[in-house]
Amino acid sequence: MKSLAGIKGVIFDLDGTLVESALDFSQIKQELGCPCDVDLLDFVADITHPPLRDRANQIILAHETQDATNAKALPHMHELLSSIEQLSLPSAIVTRNSKAATATKLRQNNINLELVLTRECYPAKPAPDALLAIATTWDLDPASLIYVGDYLYDIQAAKNAGMKSVFINHNKQPDYQSQADFIVNDLLQLQHAIMASNS
1 MKSLAGIKGV IFDLDGTLVE SALDFSQIKQ ELGCPCDVDL LDFVADITHP
51 PLRDRANQII LAHETQDATN AKALPHMHEL LSSIEQLSLP SAIVTRNSKA
101 ATATKLRQNN INLELVLTRE CYPAKPAPDA LLAIATTWDL DPASLIYVGD
151 YLYDIQAAKN AGMKSVFINH NKQPDYQSQA DFIVNDLLQL QHAIMASNS
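When we follow the numbering used here, the leftmost residue of the sequence shown carries the number 1, and every step to the right adds one.
Don't take each hint at face value.
To be verified - Across the chosen pairs, the derived CB separations fall in these ranges:
| # | residue 1 | residue 2 | range |
| --- | --- | --- | --- |
| 1 | Val38 | Ser199 | 18 to 24 Å |
| 2 | His76 | Pro174 | 17 to 23 Å |
| 3 | Ser144 | Ala45 | 29 to 35 Å |
Don't read these hints as lab results, they were simulated from the structure. For glycine and all other residues, C-beta sits at the position ideal for the given N, C-alpha and C.
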């Protein structure tokens, strides 16, 4: 793996990156009548009839709430966050999750990051707005930050923001992982890479 030397901050995705998620997006799309190849949040945003849009959001939120109650920290998550804190690197979360589901997952898994942005805060990934807002808050060049995630949107959001992307593949090999700047199998490998490059 290439070196992560010189990074000034770390931003994380939440689901599948720091905590488990069992959201069944195929089922949610089926309930909403959303085509398989259309982004779920884009589909809902394009619903022009407010009551139908509200109902669609309620369905998504119900699934997210159920998922949040069962979400457990992924292995080595707390050790990774502690290592980043020891290096005095700022850290934050940017997620497509709702604010309510995110709060539940953070509380249940004792994740205490001050800066957490959900889809209510800025346009959802792969839009770069939330990532760029964090760079501005930290007064850091986006190019000095890494965004860590487990899906194509995370890689795209990082690139759109001018940040380095770190893809966690969980020992799977999706075609799109080649678009990432860095690839790790899990949080332990990421922890070792950050510590080795910045100690």
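Hints, verified against the model:
1. A beta carbon spacing of about 45 Å between Val38 and Ser199 contradicts the range 18 to 24 Å that was offered as a hint.
2. Judged by the Cβ atoms, the range 17 to 23 Å given for His76 and Pro174 holds: they are separated by roughly 22 Å.
3. Under the hint 29 to 35 Å, the C-beta atoms of Ser144 and Ala45, about 32 Å apart, fit the expected range.
Of the hints listed earlier, the one the structure fails to meet is number 1.
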